[in-house]
Amino acid sequence: MSSTTSSSPTPTKSSAFDAFNSTLVRLGRAVGGVVNVLYQAGRDTIETVIRNILPFMAFISVIVGIVNKTGIGDALADLVAPLASSLPGLLAISVFCAIPILSPILGPGAVIAQIVGVLLGTRIAAGDIPPQYALPALFAIDPQVGCDFIPVGLALGDAEPETVEVGVPAVLFSRLITGPLSVVIAYFASFGLYSTSS
Amino acid sequence: MPFAQVAILATTEPTVDEPTGFFGALASGAEWFIGLFQEGASFFTALVVGIIPLLIVLLTAVNALIRLIGPERIEQFGAAAARPGIMWYPVRYLVLPVLAVFFLTNPMAYTMGRFLPERYKPAFYDSAVSFVHPITGLFPHANSGELFVYLGIAAGVTSLGFGLGDLAIRYLLVGMVVILMRGILTEFITARLMGRRQRNTTEEVPA
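Chains A and B, in that order, give the protein sequences.
My numbering applies: residue 18 is where the first sequence begins, and numbers increase by one.
My numbering applies: residue 187 is where the second sequence begins, and numbers increase by one.
Treat each hint with caution, since some may be false.
What the simulated footprint calls covered on chain A by chain B, stretch by stretch (three residues with Cβ under 8 Å from a Cβ of chain B suffice, anywhere in the stretch; the number is not a length) [said to hold, decoys possible]:
#, segment
1, 51 to 61
2, 71 to 81
3, 101 to 108
Just a sample of chain A residues kept apart from chain B, beta carbon distances all over 12 Å, derived [unchecked claim]:
#, residue
4, SER32
5, LEU44
6, VAL66
7, LEU119
8, ILE158
9, PRO160
10, SER199
11, PHE205
Source of the hints: derived by calculation from the structure; they are not laboratory data.
Please read all numbers here as calculations on a predicted model, not as lab measurements.
No residue lacks a Cβ here, since even glycine has one placed at the ideal position from N, Cα and C.
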């Protein structure tokens, strides 16, 4: 780079030098922009990890430690494992989570779904639940997703108050049907998942 | 050798009795108590070592991609999805929610609803919010606060020695089918409820 800059500028051809110079500036700006974007993305990422992900890991670790060590986990597994390793059982879980009164209570921050997810994960690891049930289980524990957030979510979309009044029951009733239905779809979509080697 | 001899000596020596009585109970209680958290700590280590490094690299890459593309571009797309007609259902309840959740991420994705007429808004919200977990299998940036719905179950599958790619892809694809279905059904229910409400108000006015 430095050799070309020193060789090209001759005092008579100042316009060529200007053109070259402006190209360099533009290139520098573009590279700087990309690097800046990447750096900013990294900064955002670290902030999310520290603000959202690590606190949740800490919280879930405390719960899993207590649940596993005290034997609540085994008791819970006796309760949940037969439910979570058959289609009717998973449907029962999804219907329970989708009951219009319960779903907004179970919703906030997906905390319940995440705890149940981790507990089911430990049971899959222990072999109590066959791994191909992972996919339908993901849908069985989640029909209440966002049910606590409907008015806020609609308000973010600039909805009228009348729309919110209609929208809340519409979404809650819809979940009662689509919740179990999603489990059935996931159940059929899970054929061939981890079954050859298990 | 000297160590072995010491070890043998140590075993033959009368060992310290297990603490009994009140203080014994206290000591074993304390051990059990700290054991609760040691168990949690080893779980925490597994999470941090196993998940965080990959997550950071992936999140950075996707965040940079989103910044380079610019989230405002998909807003133009939102206006197109408002059109009526059967062929716009997949656009409204499949393509738009997927793009919104991918580019705008969890809470801001619902702002895309403002391009749609009122009667579609609940259905769009329903379908967008139902996608914030299925997307985390492949793109954790979209909902980094609620990763453990997927990661919890995925961790169990990993510890059995299976790969996660298959599960993540299927979770994403089934999620897409489910949000389309939810959008269509919720739009139908919303239309019914709105119709009933209108009938009620028109009946009340003359009475």
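Going through the hints against the structure:
no.	hint	result
1	51 to 61	holds (count 7)
2	71 to 81	holds (count 9)
3	101 to 108	violated (count 0)
4	SER32	holds (33 Å)
5	LEU44	holds (17 Å)
6	VAL66	violated (6 Å)
7	LEU119	holds (17 Å)
8	ILE158	violated (7 Å)
9	PRO160	violated (9 Å)
10	SER199	violated (4 Å)
11	PHE205	violated (9 Å)
Checked against the numbered hints above, the structure breaks hints 3, 6, 8, 9, 10 and 11 and satisfies the rest.
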